[in-house]
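Take the given structure of chain A and dock chain B to it, following the hints.
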Amino acid sequence: MFIDEKKCIGCAKCIPYCPLQAHYFTRTEDGRLVVAIDQEKCAECGVCFRMADCYYNAIYQVEQEYPRDIRALLSDPLIEFAGSNVPGRGTAEIKTNEITGRVKWGRAGLALEMGRPGIGVKWSDVDKMTTSLAKKGVEFVDENPVTFFMKDKKTGELPDELKEVRSISAIIEFDCDFDELPVILETIKETAKELDTVFSFPAGVKLLPGGKVPEEFVRIVEDAGFTLSINSKNNMGLGRPRFREEGE
Amino acid sequence: MTHSLHRQGSRESLQRDFIMLSCSAKGYNNTYYSEPAKKMMKIILDNNPVNWGDMKTGNFLYIDPQEVLDKISNNTIVEACFDNKENVLNALRDLIKADLGISVVISGLDDVVDEIAREAGLPGVHTREWSLGVHGNTKKLPDRKILEFTTMCGHGMVSRDLVPKLIADIKKGRRTVREASVEMGKCCSCGNFNITRSCELIEEYLPLWVIDDPA
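As they're listed, the protein sequences go chains A and B.
In this text, residue positions in the first sequence follow this note's numbering: the first is 1068, and each later residue adds one.
In this text, residue positions in the second sequence follow this note's numbering: the first is 61, and each later residue adds one.
Since the hints were derived computationally from the structure, they do not count as laboratory data.
There's no promise every hint is true.
Claimed, not checked - Below, in silico cross-link-like pairs of lysine-lysine (DSBU-like), each with a Cα-Cα straight-line distance of 30 Å or less:
id	chain 1	residue 1	chain 2	residue 2
1	B	Lys200	A	Lys1080
2	A	Lys1195	B	Lys199
3	A	Lys1220	A	Lys1171
4	A	Lys1108	B	Lys199
5	A	Lys1189	B	Lys205
6	B	Lys157	A	Lys1171
7	A	Lys1256	B	Lys200
8	B	Lys200	A	Lys1202
9	A	Lys1218	B	Lys86
10	A	Lys1260	B	Lys199
11	A	Lys1189	A	Lys1203
12	A	Lys1256	A	Lys1218
13	A	Lys1218	A	Lys1195
14	B	Lys205	B	Lys225
15	B	Lys225	A	Lys1080
Claimed, not checked - Simulated coverage check for chain B against chain A, where a stretch passes if three residues somewhere in it have a Cβ under 8 Å from a Cβ of chain A:
id	region
16	154-161
17	211-220
18	246-258
We treat Cβ as the ideally placed atom computed from N, Cα and C, and that holds for glycine.
Only chain B is shown next, with the shape it has when bound in the complex:
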């Protein structure tokens, strides 16, 4: 639940961060969901997602893409991440046209998702879920910059320690910015991790990050 919600960052950064997903409805379509879900994923793939996967199998960054598609089952959640509004809008328009009858969820900035719904010809969003923040013993949380990366995996699979380790690797010439982003993306098995946004954040934070063992 809610694993595409709670992404942290500035409005400017979140403007290029969208998740599109679908979940089977138990007792309604979970006896035949796999076929429309496969069609949905093919439509999504025609609209240039930056990451995608199936919650029971994993994402295409570490599993053969055909295997991910073939294994979409009746009780699963299929997911994809986009880095711009136009591609999400085009994917939604194609899904409306295909009339698959399965639920489609889009996570993103409220006002931008409202625009997408309107421009796709929908009467509006049906149900909306917000984050009311992080509470409790918040002193335990890592730095905000780390959270901007780690909260792109709602299941918490991207470790707070992996971010500085990969940034140190970049500074030492062992990885490119994209390779570091893909490495984080592999850990987020569902395919929610936004590779483009991660690259942008790394580029922004590289000059601010000091490493004490440059060897």
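Isolated chain A, as found in the complex:
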């Protein structure tokens, strides 16, 4: 995202719209006060372009090449990642679980949304988390953009050129058996200490018949020092064809 300094009058209307505080005042060569965008901080999310309603149309987008184009892919929710065919930054995960059967009984669907809420993430931090998890044998979900860009899914390592990328967030997705959870949760807690950014941590399970929450999952999560939120995202089970496993 750029601001045309010839058009900008420095009104500053766009400044508070930027989720990553990338807009700043500067002076042109002839001394006029204008707003510019810090290209290192800008995640190409498009909010200022769409919402700040610049009276002089000074804000403009240019087509970006790899690796800069990854910023928009992981920041602008209107853009779809071709690998998943899902708009946004991740996969369908539990949203279609009654059809796809992705998360089965006794397993947890986990994700780490790096940079959320509202801080943004430099992908060197994403790399720290993916490589730590890979050492514990985590298998990352295919069709997810972060997995797609890994040099090697077994090591979780990202290409060097992507470690300089910044985005509003980046989602690391993986599933595991309940008995693998303690080690994974401990790894997440330890790696969190090394990060410059924050991450939000969702965890999903298929409920038992009658909508019963698996007690084993709750016990493991709480023993590891995490707390389940009072609010949740719930697949109501209306989709077809219904995936059925033994006992269903």
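Just chain B, lined up with the frame of chain A:
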């Protein structure tokens, strides 16, 4: 993923905060999803959502509502926000009756969503996802009051700087509480931002917010 999860606030406030959404299932219904998804959105609109949109097009606060409906495609996520349980329950009952065959997701307080499932005649929730919190360098996070607004957009499109700016606008008589909430809602392109809850939060926090440039 998870963009309707991780909303922060008190239980009292979150009691009036629900998201209903549907996502196409790749390899199963993504060759014909647009038609049932359009029907789903029409059912939702009959049940008074406070915000709604399509993830590829945007929300009705800044895009013509008919255009949002017309552009619902086979690979998308349609979403709506409700401010009370009754409307969500009625929408779910209508969706069960319509038998569209597409996935329906409801985000809200666990126990309230369980009640909704039971009262709609479902055997229970199929799959549930919780937030296990925010971790890492949490010193970088803004004040809790700001997060209650900004986390209503899971994609992080509502800037932490926009909240105090709009509250200052209200204090200066430049916007109403609702206009400020709609302005934040426009940034959240999917339609997840709860306009009613935002108005309630602003009313609650207005007396606590000091602005140093009242001119």
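Going down the list of hints, with the structure as the test:
1. Among the hinted pairs, Lys200(B) with Lys1080(A) is consistent with the structure: their alpha-carbon atoms are about 24 Å apart, no more than 30 Å.
2. The hinted pair formed by Lys1195(A) and Lys199(B) meets the criterion: a straight-line CA distance of about 19 Å does not exceed 30 Å.
3. Distance hint between Lys1220(A) and Lys1171(A) is fulfilled; the C-alpha atoms sit about 22 Å from each other, no more than 30 Å.
4. Taking the CA atoms of Lys1108(A) and Lys199(B), the gap is near 19 Å; set against the 30 Å cutoff, the hint holds.
5. At most 30 Å may separate the alpha-carbon atoms for a hinted pair to count; Lys1189(A) and Lys205(B) meet this at roughly 26 Å.
6. Of the pairs offered as hints, the one joining Lys157(B) and Lys1171(A) holds, with about 27 Å between alpha carbons and a cut-off of 30 Å not exceeded.
7. As the CA atoms of Lys1256(A) and Lys200(B) are separated by approximately 17 Å, the hinted pair is consistent with the 30 Å bound.
8. Note on Lys200(B) and Lys1202(A): the hinted pairing holds, with a Cα-Cα distance of about 28 Å set against a maximum of 30 Å.
9. In summary, the hint linking Lys1218(A) to Lys86(B) is supported, as the alpha carbons are separated by about 25 Å, within the 30 Å threshold.
10. A distance of roughly 12 Å separates the Cα atoms of Lys1260(A) and Lys199(B); the hinted pair therefore holds under the 30 Å criterion.
11. Proximity of Lys1189(A) to Lys1203(A) is assessed by CA-CA distance (about 23 Å); at most 30 Å being required, the pair is judged to hold.
12. Among the hinted pairs, Lys1256(A) with Lys1218(A) is consistent with the structure: their alpha-carbon atoms are about 24 Å apart, no more than 30 Å.
13. Straight-line distance between C-alpha atoms of Lys1218(A) and Lys1195(A) comes to about 14 Å, which keeps the hinted pair within the 30 Å bound.
14. The straight-line distance between the Cα atoms of Lys205(B) and Lys225(B) is roughly 14 Å, inside the 30 Å bound, and the hint therefore holds.
15. Restraint check for Lys225(B) and Lys1080(A): satisfied, since their Cα atoms lie roughly 10 Å apart, inside the 30 Å limit.
16. Coverage of a stretch by a chain is defined here by at least three residues with a beta carbon nearer than 8 Å to that chain's beta carbons; for the region 154-161 of chain B and chain A the count is 4, and the condition holds.
17. Check result for the region 211-220 of chain B against chain A: holds, 8 residues qualifying (beta carbon to beta carbon below 8 Å, three or more required).
18. Three residues within the 8 Å Cβ limit are the bar, and the region 246-258 of chain B against chain A gives 4, so the coverage statement holds.
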